[in-house]
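Asks: Chains as they are written, first to last, in my numbering: chain A, 1 to 112; chain B, 1 to 340; chain C, 1 to 600.
Treat the hints with caution; some may be incorrect.
Not the full set, but computed from the structure, chain C residues with beta-carbon under 10 Å of chain A [stated by the list, open to error]:
(1) 179
(2) 183
(3) 322
(4) 352
(5) 363
(6) 381
(7) 382
(8) 409
(9) 414
(10) 415
(11) 416
(12) 420
(13) 424
(14) 429
(15) 544
(16) 578
To be clear, the hints were calculated from the coordinates, so they are not data collected in a lab. Just so you know, even glycine gets a beta-carbon here, dropped at the ideal spot from N, CA and C.
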Amino acid sequence: MADFGFSLHPSSSIDLDNADKRLYKIVSELEPDIKKCIACGSCTASCSASNLTKVSFRQAILKLDRGLSEEAVMLLKGCMLCGKCTMTCPRGINTRNIINLILRYSDNKKIK
Amino acid sequence: MSGKSVLIIGGGAAGLESAAQLISLGYKPVIVEKEESLGGNIKNWDRLFPDGIEAKAVLDGLLKRSSFSDIYLNSNVIEVKNSNSNFTVTLSNNNVVKADSILITTGFDVFKAERKEEYGYGIYDHVITNVDLEKFFLSKHDERINSPKKIGFVHCVGSRDEKICNRNCSKVCCVTAVKQAIELKEMFPDSQAYCFYMDLRMFNRGFEDIYLEAQSQHGVRFIRGRVSEVSEDIDKKVVVKCEDTLSSKPMKIKLDLLVLMSGMLNNSSSTQLSPVLGVKLAEDGFYKCEETIPGGNKTNVNGVFIAGTATGPKTLPETINDARSAAIEIHNYLNSTING
Amino acid sequence: MKERIIFGYDAFVLPFTIGMIFIILYLGVGLVRIIAALSKEDRIKLVKSFVSPTLIKTIKDIIFDCLLHVKIFKKNLLLGYMHASIAFGWFMLIFIGHIEVMIYTPQRNGVLYYPVFFRYFVMETQETLRGAFFFFLMDFFLLMVLSGIGLAIYKRFKSRALGMRRTTRLSKRDTIALYALWAIFPLRLLAESFTADISGGSFLTKSINHLFHNFVNNSDHILPVWWAYSSALGIFLFALPFSRYMHIPTEMLLIVLRNAGIKSDNTREGFAETEIYSCSSCGICIDACPMTTQKKNLNNTTVYFLRFLRRRNKRKPIVPADKCLMCGKCVEMCPVGIDSCRLKQFKRSDVSENGAKADYTYLSSYSSNVKKGSKILYYSGCMTHLTPNIYNALFNVLDKANLEYEFLDKDGSICCGRPLMLSGRKEEAKGLIEKNSMLIKESGADILLVSCPICYKMFNEEYDLGKIKLLHHTQLIDSMIADKTLKINKSDKSFVFHDPCELGRGSNIYRQPRRVLTSQGRVVEANFNKKESICCGGSLGSLALSKPERDAITKHSIESLTYNKPDTIVTACPLCYKTFSQLSGTPVKDIAQVTAENLI
Numbered sequence: 001m002a003d004f005g006f007s008l009h010p011s012s013s014i015d016l017d018n019a020d021k022r023l024y025k026i027v028s029e030l031e032p033d034i035k036k037c038i039a040c041g042s043c044t045a046s047c048s049a050s051n052l053t054k055v056s057f058r059q060a061i062l063k064l065d066r067g068l069s070e071e072a073v074m075l076l077k078g079c080m081l082c083g084k085c086t087m088t089c090p091r092g093i094n095t096r097n098i099i100n101l102i103l104r105y106s107d108n109k110k111i112k
Numbered sequence: 001m002s003g004k005s006v007l008i009i010g011g012g013a014a015g016l017e018s019a020a021q022l023i024s025l026g027y028k029p030v031i032v033e034k035e036e037s038l039g040g041n042i043k044n045w046d047r048l049f050p051d052g053i054e055a056k057a058v059l060d061g062l063l064k065r066s067s068f069s070d071i072y073l074n075s076n077v078i079e080v081k082n083s084n085s086n087f088t089v090t091l092s093n094n095n096v097v098k099a100d101s102i103l104i105t106t107g108f109d110v111f112k113a114e115r116k117e118e119y120g121y122g123i124y125d126h127v128i129t130n131v132d133l134e135k136f137f138l139s140k141h142d143e144r145i146n147s148p149k150k151i152g153f154v155h156c157v158g159s160r161d162e163k164i165c166n167r168n169c170s171k172v173c174c175v176t177a178v179k180q181a182i183e184l185k186e187m188f189p190d191s192q193a194y195c196f197y198m199d200l201r202m203f204n205r206g207f208e209d210i211y212l213e214a215q216s217q218h219g220v221r222f223i224r225g226r227v228s229e230v231s232e233d234i235d236k237k238v239v240v241k242c243e244d245t246l247s248s249k250p251m252k253i254k255l256d257l258l259v260l261m262s263g264m265l266n267n268s269s270s271t272q273l274s275p276v277l278g279v280k281l282a283e284d285g286f287y288k289c290e291e292t293i294p295g296g297n298k299t300n301v302n303g304v305f306i307a308g309t310a311t312g313p314k315t316l317p318e319t320i321n322d323a324r325s326a327a328i329e330i331h332n333y334l335n336s337t338i339n340g
Numbered sequence: 001m002k003e004r005i006i007f008g009y010d011a012f013v014l015p016f017t018i019g020m021i022f023i024i025l026y027l028g029v030g031l032v033r034i035i036a037a038l039s040k041e042d043r044i045k046l047v048k049s050f051v052s053p054t055l056i057k058t059i060k061d062i063i064f065d066c067l068l069h070v071k072i073f074k075k076n077l078l079l080g081y082m083h084a085s086i087a088f089g090w091f092m093l094i095f096i097g098h099i100e101v102m103i104y105t106p107q108r109n110g111v112l113y114y115p116v117f118f119r120y121f122v123m124e125t126q127e128t129l130r131g132a133f134f135f136f137l138m139d140f141f142l143l144m145v146l147s148g149i150g151l152a153i154y155k156r157f158k159s160r161a162l163g164m165r166r167t168t169r170l171s172k173r174d175t176i177a178l179y180a181l182w183a184i185f186p187l188r189l190l191a192e193s194f195t196a197d198i199s200g201g202s203f204l205t206k207s208i209n210h211l212f213h214n215f216v217n218n219s220d221h222i223l224p225v226w227w228a229y230s231s232a233l234g235i236f237l238f239a240l241p242f243s244r245y246m247h248i249p250t251e252m253l254l255i256v257l258r259n260a261g262i263k264s265d266n267t268r269e270g271f272a273e274t275e276i277y278s279c280s281s282c283g284i285c286i287d288a289c290p291m292t293t294q295k296k297n298l299n300n301t302t303v304y305f306l307r308f309l310r311r312r313n314k315r316k317p318i319v320p321a322d323k324c325l326m327c328g329k330c331v332e333m334c335p336v337g338i339d340s341c342r343l344k345q346f347k348r349s350d351v352s353e354n355g356a357k358a359d360y361t362y363l364s365s366y367s368s369n370v371k372k373g374s375k376i377l378y379y380s381g382c383m384t385h386l387t388p389n390i391y392n393a394l395f396n397v398l399d400k401a402n403l404e405y406e407f408l409d410k411d412g413s414i415c416c417g418r419p420l421m422l423s424g425r426k427e428e429a430k431g432l433i434e435k436n437s438m439l440i441k442e443s444g445a446d447i448l449l450v451s452c453p454i455c456y457k458m459f460n461e462e463y464d465l466g467k468i469k470l471l472h473h474t475q476l477i478d479s480m481i482a483d484k485t486l487k488i489n490k491s492d493k494s495f496v497f498h499d500p501c502e503l504g505r506g507s508n509i510y511r512q513p514r515r516v517l518t519s520q521g522r523v524v525e526a527n528f529n530k531k532e533s534i535c536c537g538g539s540l541g542s543l544a545l546s547k548p549e550r551d552a553i554t555k556h557s558i559e560s561l562t563y564n565k566p567d568t569i570v571t572a573c574p575l576c577y578k579t580f581s582q583l584s585g586t587p588v589k590d591i592a593q594v595t596a597e598n599l600i
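The shape of chain A in the complex, shown without the other chains:
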């Protein structure tokens, strides 16, 4: 790829071609429904933790898809795994399992 002599600060924009999607790949192989999200926000709205701190499932899987895996993990560390998000999701996504998988495989090493 040619270098045009200027570069954008990495965190200000998303370079979809070079996004690090390793964690997304691991999680989406185990839970393909992660692709179904329409970003309605019911999960974050019903979240027990989002009242109290920055936790957002919707935003986390968005960041995961855009290759911002560490930010995604940070958005889920306060999750209590209470399951309300799974109950409200209109697409029937198994959100709780996806959160657990993201935390579990955050080192990008899937168990063989």
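For this one, chain A is given, so just place chains B and C on it according to the hints.
Replies: Structure of chains B and C alone, referenced to chain A:
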């Protein structure tokens, strides 16, 4: 006047329009209606989008043009005997009707908002549905509506929801919500309206203009976030929780009135009627069209046709067009059986 | 009776004897390893249990569970007889065989193989009543074992006749041991029949001896049969440690350790190892598991999970561990009482070891604004916020009884921590437990009232609430009806009560909800109720089950509930309530709603 007869099951907009067309084509149709008056769902509506025509005017026109039909009210179809597409139909009051073709125009059911318990319909004092609101516009009276200062509209209630087992979009609720927000604002000029949406489906000509009008002239606020829970505070105000996805923050707001946009589900009569007629239902409970593009009025049974919202959510003009197309299909079918 | 063979030895005893020595060594080493893997506290508990009344309970348990298989009789009479006849019959054969040696050939006491091959080495000198009695007993117990083996063979073809819809798929090692075991007793019968005219016998062995008189009389035919018998025993003994039959010795150790109060603390060593080897692959857990309404989930049942653990496979146990609903039915139905749900939680914990950990330090700044000093503190829990009908009805009931209460998590709950714990994150759950305990104790209430069984079980088992009394709303409503604080209208409507996994099997509360409903109408029971109640499918115990899989379980549970055609399905759990409401044709109500409707 040909000697052939048509039985129309369902006396709503589609049933009445197709009856009117069949009458002008020389038939005397029979209409069977389960309620005690004709008109179906449009009896409950005040003014229609996009131009604000009164539903009553449309209904009166339909009733006048279809009045030549034989009408059975408070009647259901119990049994159908089909011998080579000659139908003998037994109704619930023991009447028996013979028909050469049948048209299904049973329409839709509104989603029962109590099923979405977390929205508090029937539990909290100031939660109503879009149907309740239209009735309020007609009657000007509903004890749940008390000079509201802040009004909320929840889109997609009972639609696009795996938990209700209905993945379909009900098509018309978005534009209805915007229409109703404008109408409420006109009724209560000091109020503020909020629409909580997942997507805004302004699909037809003129709808984007309504959206524009709502934003600029009436100050309606559009919040992109699906409401997850509704509760009530000490003053009986409705407390709504959603995520403001565009700013990525959970949001909470107190309202004086919450309107749930209940969607269009398949009519509950289809589970009983489908085996009686032998007509197939699709997985979502609406009737299955044999061909969707060249004209969705035929069913898998020869001589049985279908029109209107019985095959899925439609606007009123679409329903009326569909009913006219069904009338022509039936006319062609009946003529071909005379010749062939 | 006197010895026929000088020196009391023949080469044919070798397969059995070597097998026996092998087993004794193997078990000895295994025992040492397991005890070494226990923690220091557990070893102390073990020693203490030998000098306390638990010893008597342990001996009773060993007799009732290992020999008589009483638990299996409760599931199905024929199945119970099959297991009991083989276990008890074989035990009696060994036991009486040793007595025979002690009485007739005491010079051979302590010879390992002698009691087993007694009928070969002796010859009957005179017919006595005592002799006839022993012969009768031996033949009787041999017949008992053979009838059990016969049933076992039949079960392989038609398991439904023994009350089991599905049986375990056997591994190759299990199959070798199985055929060896099946061969032992017919071969014993044959061998003893061959020598019945020499050494004596009873109704079984003597009859066969007479029948095949000509064949049997040729003394060249005797030894090969005894060789076959000994070899079958030998093969079985060598295969035993690598097969399901290891449960025979291990179950006894399990009972001893369990009665000492020891529990597993990892997935493979110490007590966990004892549990894993005690699994007889009987397959009762397969029918018990709610997931098996779908054939594809058969591989995710407990029996296969334990098999994977036994083989030290790191990857394979993850899927069954993640899918498990933690409903506890397999633990309840297991004849050996293996706490497999606990092992699955440890597995989940192991897999999450290297990943990110949850962090609840943000809770420290949160404080509640409930009024202090109210008698009852109500904690709705996370799920109940999505089912406001439940707490609204409960508040109506409490208001009618003029009880004062405060709603702790009105603006949103700090989760009790049980879903987190079930996901294998018990350490992380401590952050939630600490904060909630503080909030609850600060409120100054006497009673903590919950309407969710998941929260109830968590508060009951993992929280230390001091003097505060924990009540589930069914318990409170039951006591208020009993002491007439609430006046209830009785109608002729019929109810069926769904026993939530965490309230029924989980906390042993079965009678109170039924008493509440009996005072309001007619109670009918589900097809599978109480301890055998089928999970609603909504359980937060499962991580990986998809919505369609859960729906299949829900429908199956609804089928069982509506078996006796009730007017209403009554639940006592917000998750069951929400899950059933989505798919049930019959109306679903929480017990608080029903009570509120029937208040006078």
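Asks: Against each hint, give a clear statement of whether it holds in the structure.
Replies: Okay, the hints, checked on the actual structure:
With a least beta-carbon distance of about 35 Å to chain A, the hint placing residue 179(C) at the interface is violated under the 10 Å criterion. Annotation: residue 183(C) was flagged as interfacial toward chain A, and the flag is violated, the nearest CB pair being 41 Å apart, outside 10 Å. The beta carbon of residue 322(C) is positioned within 10 Å of a beta carbon in chain A (closest approach about 7 Å), and the interface hint is therefore held. Interface restraint check for residue 352(C): the shortest CB-CB distance to chain A comes to about 5 Å, inside 10 Å, so the restraint holds.
Because the smallest distance between the Cβ of residue 363(C) and any Cβ of chain A comes to about 7 Å, under 10 Å, the interface hint for this residue holds. Nearest Cβ of chain A to the Cβ of residue 381(C): about 9 Å, under the 10 Å cut. The hint holds. Satisfaction of the interface hint for residue 382(C) is found here, the shortest Cβ-Cβ separation to chain A being roughly 4 Å, below the 10 Å cut-off. At about 9 Å, the closest approach between the beta carbon of residue 409(C) and any beta carbon in chain A falls short of 10 Å, and the interface hint on this residue holds.
With a cut of 10 Å, the hint placing residue 414(C) at the interface with chain A holds, because the nearest CB-to-CB distance is about 7 Å. Taking 10 Å as the C-beta contact cut-off toward chain A, the hint placing residue 415(C) at the interface holds, the least distance being around 4 Å. Using the Cβ-Cβ criterion of 10 Å, the hint placing residue 416(C) at the interface with chain A is satisfied: the shortest such distance is roughly 9 Å. At its closest, the beta carbon of residue 420(C) sits 5 Å from a beta carbon of chain A; the interface hint therefore holds under the 10 Å criterion.
Annotation: interface hint on residue 424(C) holds; nearest CB of chain A at approximately 9 Å, less than 10 Å. Because the smallest distance between the Cβ of residue 429(C) and any Cβ of chain A comes to about 9 Å, under 10 Å, the interface hint for this residue holds. Satisfaction of the interface hint for residue 544(C) is found here, the shortest Cβ-Cβ separation to chain A being roughly 5 Å, below the 10 Å cut-off. Contact between residue 578(C) and chain A, as hinted, is supported at the beta carbon level, the nearest pair being about 7 Å apart and thus within 10 Å.
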